[in-house]
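With the sequences and hints as input, model every part of the structure.
Same order as they appear, the protein sequences are chains B and P. FYI, the numbering for the first sequence is 1 to 307, going by this note's numbering. FYI, the numbering for the second sequence is 1001 to 1259, going by this note's numbering.
Quick caveat, the hints were computed from the structure, so don't treat them as lab data. Careful, some of the hints might be misleading.
[What the hints assert, rightly or not] Cross-link-like lysine-lysine pairs, in silico, DSS-like; alpha carbons within 25 Å at most: (1) B:Lys280 to P:Lys1119; (2) B:Lys27 to P:Lys1209; (3) B:Lys208 to P:Lys1078; (4) B:Lys101 to B:Lys208; (5) B:Lys27 to P:Lys1119.
[As the list claims (entries may be wrong)] Here are a few chain B residues that sit away from chain P, every Cβ distance over 12 Å (derived from the structure): (6) Asn56; (7) Gln186; (8) Leu212.
Just so you know, even glycine gets a beta-carbon here, dropped at the ideal spot from N, CA and C.
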Amino acid sequence: MAGLIARPPRGATHKSQRGSEETPLIKWSLITVALGFVGVFLVLPLVNVFYQALQNGIGFYINSIKEPDTFSAIQLTLLMTFIVVPMNVVFGITAAWAVAKFDFRGKAFLITLIDLPFAISPVVAGLMFVVWFGRQGFLGDWLDAHDLKIIFAVPGMVLVTMFVTSPFVARELIPLMQANGTEQEQAALTLGANGWQTFWHVTLPSSKWGLLYGIILCNARAMGEFGAVSIVSGAIAGQTETLPLRVDKLFHSATAAAGVAAFAVASLLVLLALLTLAIKSYLEWRTEHAEAVAQIESPKLNNSHEH
Amino acid sequence: MGFTLFYLGVLVLLPIGGMLFRVFEMTWSDFWRLATTPRALAAYRLSFGASFLAAMINAVFGTLLAWVLVRYQFPGKKWVDALVDVPFALPTAVAGLTLANLFSPNGWLGHFLVPLGIKGAYTQLGVVLALVFVSLPFAVRTLQPVLEHMEREVEEAAATLGAGRLRTFATVIIPSLLPAILTGFALSFARALGEYGSVIFISSNMQYKTEIAPLLIVSLLEQFEYSAAMTIAVVLLVVSIVLLAAINLLERWASHFQR
Chain B
1 MAGLIARPPR
11 GATHKSQRGS
21 EETPLIKWSL
31 ITVALGFVGV
41 FLVLPLVNVF
51 YQALQNGIGF
61 YINSIKEPDT
71 FSAIQLTLLM
81 TFIVVPMNVV
91 FGITAAWAVA
101 KFDFRGKAFL
111 ITLIDLPFAI
121 SPVVAGLMFV
131 VWFGRQGFLG
141 DWLDAHDLKI
151 IFAVPGMVLV
161 TMFVTSPFVA
171 RELIPLMQAN
181 GTEQEQAALT
191 LGANGWQTFW
201 HVTLPSSKWG
211 LLYGIILCNA
221 RAMGEFGAVS
231 IVSGAIAGQT
241 ETLPLRVDKL
251 FHSATAAAGV
261 AAFAVASLLV
271 LLALLTLAIK
281 SYLEWRTEHA
291 EAVAQIESPK
301 LNNSHEH
Chain P
1001 MGFTLFYLGV
1011 LVLLPIGGML
1021 FRVFEMTWSD
1031 FWRLATTPRA
1041 LAAYRLSFGA
1051 SFLAAMINAV
1061 FGTLLAWVLV
1071 RYQFPGKKWV
1081 DALVDVPFAL
1091 PTAVAGLTLA
1101 NLFSPNGWLG
1111 HFLVPLGIKG
1121 AYTQLGVVLA
1131 LVFVSLPFAV
1141 RTLQPVLEHM
1151 EREVEEAAAT
1161 LGAGRLRTFA
1171 TVIIPSLLPA
1181 ILTGFALSFA
1191 RALGEYGSVI
1201 FISSNMQYKT
1211 EIAPLLIVSL
1221 LEQFEYSAAM
1231 TIAVVLLVVS
1241 IVLLAAINLL
1251 ERWASHFQR
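Shown next as structure tokens:
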């Protein structure tokens, strides 16, 4: 990493790199193969969604989205995101704070635990909640007696989505907070700020872009989660159907019109994904820009952070 | 701190513990019988085989993409870089839907490929295609920062000492990238193994043929075969945890390598 700063200006490196560069022929064939792969695997599927969605005309497209069950799926997806994302933001911030700013025994274990939901299959995650809250689950009788429904109802869907998306914010913040170090916090504390003030005025502002980045990713996954949610939802149209489940149901209906409607609903999720990517790219550009400025302004300070 | 532990405890540890507890209630022979039914074995074989193939394909194309994105300048590079994250941002159900359509006999790609005998939709090949799609970003994004920080002086030294570009590539570049490539491979593999949404759209989901392990769990659950479903789930869970541990070790090795 130290080489980043010691590196000579751009023009100079370019001239001396002759020996470590490929011939233009190889270079451009590699670029062509890479672009071909991206085109077929990443661009074509996205374009296809819109093409298929619009093949019965724009009127049909709008009607498929305004259809009551689809409309309620949009509402439910938004509702779940409004619950899940804030919960995981609070968790992500506290978890990252604990891991980055304090030393304690079992820290490595805690980090692994934070990562665990990423490694577990969403289907397995869904099943784990059925084991607790399902009819034959540990709490099944108790829930029945109190007329509470978690599985095949919205609370269960919220829970599994929280599980699946819990690592996003924490994972983005941990490395960032670790890199920022604790010197600034210590300075704030020395100047008489209490823990909360330090957190609000020092820790949080310095990692706000990472936080936003985590929120964006968490949000995208929360809206798009399929496997885990499908296990606990029961997919009752108009009640426990999220947008991805709606796509699934329409796709598996026999009629051709439903097939087109599936693509229409899917196109909403594609738009969401593209919006996610746009914000993500913007945030990346912001942080890189900020880093470049910081490096020009105070190269020495930055250097001391590299181990 | 307390909140973190509480949240993780309730949301992660309790559910895992609950499922393990239910499985521990079974006898070992019951567990073994349910975990190794012919249908389950076929599902593991497909899941592991297809995930392995997908991770291999991503190791090759992911490395190529990362290389091209880091080392070369070309028009539209920023767009390509942003597009690599499409599989992260796109709901898996949508990915499965559109891939199934593309590779079906009437689809844009199937139209050309099916007459050639390449059937991408509703086959085992389809499973691999979906898994390649969902796990591609892991391979690229793991390698990119490593490539960016790789010191070109070493390659220049190799060139000065008379090594051709190919030899430099094989003896200098690949060995120093290997830990990152392996990490990317393991991440892709882990992701592919658990994937459900995209696969069920593109696969015909037939027992013994195109049924992946997560789908087997779902169908067992739908038939109220709770013990069998939980048994398969625990097998997958154990594999996931082992993989996660392996990835942590690999990452430590990779960062050690860089310094």
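**OP:** May I ask you to check that Gln186 of chain B keeps its beta-carbon over 12 Å from the closest beta-carbon of chain P?
**Re:** holds, 18 Å
**OP:** Take the C-alpha atoms of Lys27 of chain B and Lys1209 of chain P, compute the straight-line distance between them, and say whether it is at most 25 Å.
**Re:** Distance of about 41 Å is beyond 25 Å: violated.
**OP:** Would you check whether the claim that Asn56 of chain B is not at the interface survives, using Cβ distances to chain P and the 12 Å cut-off?
**Re:** The assertion about Asn56 of chain B holds, with a minimum of 15 Å to chain P.
**OP:** Decide if the proposed pair is consistent with the structure: Lys27 of chain B and Lys1119 of chain P, CA atoms, cutoff 25 Å inclusive.
**Re:** violated, 32 Å
Subject >> Proposed proximity, Lys1119 of chain P with Lys280 of chain B (alpha carbon, max 25 Å) >> reply: Answer violated: Lys280 of chain B to Lys1119 of chain P is near 35 Å, above 25 Å.
Original post:
Is Leu212 of chain B truly not at the interface, in the sense that its beta carbon sits beyond 12 Å from all beta carbons of chain P?
Top reply: holds, 15 Å
Subject >> Proposed proximity, Lys1078 of chain P with Lys208 of chain B (alpha carbon, max 25 Å) >> reply: holds, 23 Å
**OP:** Would you check the hint for Lys101 of chain B and Lys208 of chain B, treating anything up to 25 Å between C-alpha atoms as holding?
**Re:** At roughly 16 Å apart (the allowed maximum being 25 Å), Lys208 of chain B and Lys101 of chain B satisfy the hint.
Against the hints set out earlier in the document, violations occur for numbers 1, 2, 5.
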